[in-house]
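Trainee: Once you have looked at the hints, place chain B on chain A.
Okay, here's what each chain looks like letter by letter:
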Amino acid sequence: DAKTTQPPSMDCAEGRAANLPCNHSTISGNEYVYWYRQIHSQGPQYIIHGLKNNETNEMASLIITEDRKSSTLILPHATLRDTAVYYCIVRTSNTGNQFYFGTGTSLTVIP
Amino acid sequence: ETGVTQTPRHLVMGMTNKKSLKCEQHLGHNAMYWYKQSAKKPLELMFVYSLEERVENNSVPSRFSPECPNSSHLFLHLHTLQPEDSALYLCASSQESRGQFEQYFGPGTRLTVT
Chain A
482 DAKTTQPPSM DCAEGRAANL PCNHSTISGN EYVYWYRQIH SQGPQYIIHG
532 LKNNETNEMA SLIITEDRKS STLILPHATL RDTAVYYCIV RTSNTGNQFY
582 FGTGTSLTVI P
Chain B
308 ETGVTQTPRH LVMGMTNKKS LKCEQHLGHN AMYWYKQSAK KPLELMFVYS
358 LEERVENNSV PSRFSPECPN SSHLFLHLHT LQPEDSALYL CASSQESRGQ
408 FEQYFGPGTR LTVT
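Protein chains in written order, with the numbering used here: chain A, 482 to 592; chain B, 308 to 421.
What you were told as hints is all true, and nothing was included just to trick you.
The calculated BS3-like cross-link candidates involving lysine-lysine, where the alpha carbons are at most 27 angstroms apart (straight line), are:
no. : chain 1 : residue 1 : chain 2 : residue 2
1   : B       : Lys347    : B       : Lys329
2   : A       : Lys484    : B       : Lys347
3   : B       : Lys348    : A       : Lys550
4   : B       : Lys348    : A       : Lys484
5   : B       : Lys343    : A       : Lys484
In short, the hints are calculated from the structure, not lab data.
Looking at chain A on its own, in the form it has when it is part of the complex:
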């Protein structure tokens, strides 16, 4: 699976959009980009995933660059409950059903 690079930490003001970047410059054509988050001492929570097109669901939006070498997770109106560690993961469907979590980005939403 391709390696991902994320900033270790970020702050965001409550009510503002939180934009979390992820670099995956070695991504291959059949690798999906997944985002999870983990609130302190809880299990990780699936947020969103995509392959080529931008995706949106009730939690967030995922913007993938045209060359697919980077992506951005957008939380449109961050709340204090969005404070968590956010993980960007890339994987293929033919490498087994495994996720390798890195160290992620620790997002702190500030009142």
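Mentor: Only chain B this time, still in chain A's reference frame:
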């Protein structure tokens, strides 16, 4: 609520004890996983079961023994653990299918080995 439950939520055990962690998923998934998360470290995949067969064992010491009696239940049997095994143990499940899938995690069991 993710549809994945784990019991107990907290466990303290001595190095000579034998205990088991239980995971149950109510999502109709066909794959289940055990992860370990030590303090300030990334999640480490321990075991993967797909269609009730173990398909992955990431060099986990034999003092950890998984069991998957059916597609809804997963156990992690523990014996003669070491203090460094103290960690958050997370169970997850997914529906194995071509292409894309996502894993749903339980709340975890916080294990302390004394």
